[in-house]
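Enquirer: Full structure from sequences and hints, please.
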Amino acid sequence: EGGGEILLIDREGRTVTRCPHVQWTWEKREWFRDSGYLQDVAAGREVEAVMNGPDGRRRVFALTPVGSTGWAAGASRPEEEVMAPVVSSLVRRSLFVTGFWVLSILLAVFVSRTISTPVRKLRQFAIRLGQGRYGEEAEVKGPSEVQDLVHTFNMVSREIRAREAALNRAQEEL
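The sequence shown begins at 1329 in the working numbering and counts up one residue at a time.
It is worth saying that the hints were derived from the structure and are not from the lab. A virtual CB, placed ideally from N, CA and C, is assigned to each residue, including glycine. There could be a bad hint or two in this list.
[Unchecked claim] Pair by pair, the computed Cβ-Cβ distance ranges are:
| # | residue 1 | residue 2 | range |
| --- | --- | --- | --- |
| 1 | V1419 | I1334 | 26 to 32 angstroms |
| 2 | F1428 | G1458 | 42 to 48 angstroms |
| 3 | S1432 | R1461 | 39 to 45 angstroms |
Expert: The structure is reproduced here in structure tokens:
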């Protein structure tokens, strides 16, 4: 299935057999000769590499020495087949991380607005109070800390109104 293949390569770098079987010219059978990896295999080392195969496609190879014969057994797959699951996984994870990031920002904006909007309304009320408009009370919804401030500002507003009324009565009596 796919573009995988199993090879047996002699010490000269010629493909002796390939599964699945294909008819290759002698030139294609010798495509591995100039790769530079035969010395590693001859020295008994396994080789993993990515290189252009005889079909012109980039392939991921793994070669292992076959005893003391100088031959190598190998397997390869096209690079795009090997990388497809990795790329797919990276895309899925990237989408997940991006989604998580976007949701985190939206949550942060929502939470900040549940605090900043009541504080902004309370600020506007405090400005009106400072301008001498004592007849109204703040009606601001928000976290308990903001509600405590609203209650305090309303108490101050009522106290100012009461003192102002007392002052007006005292002036009338005078």
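Enquirer: If a hint holds in the structure, say so; if it does not, say that too.
Expert: Checked hints:
no., hint, result
1, V1419 to I1334: 26 to 32 angstroms, "30 angstroms, holds"
2, F1428 to G1458: 42 to 48 angstroms, "44 angstroms, holds"
3, S1432 to R1461: 39 to 45 angstroms, "41 angstroms, holds"
Hint compliance for this structure: no hint is broken.
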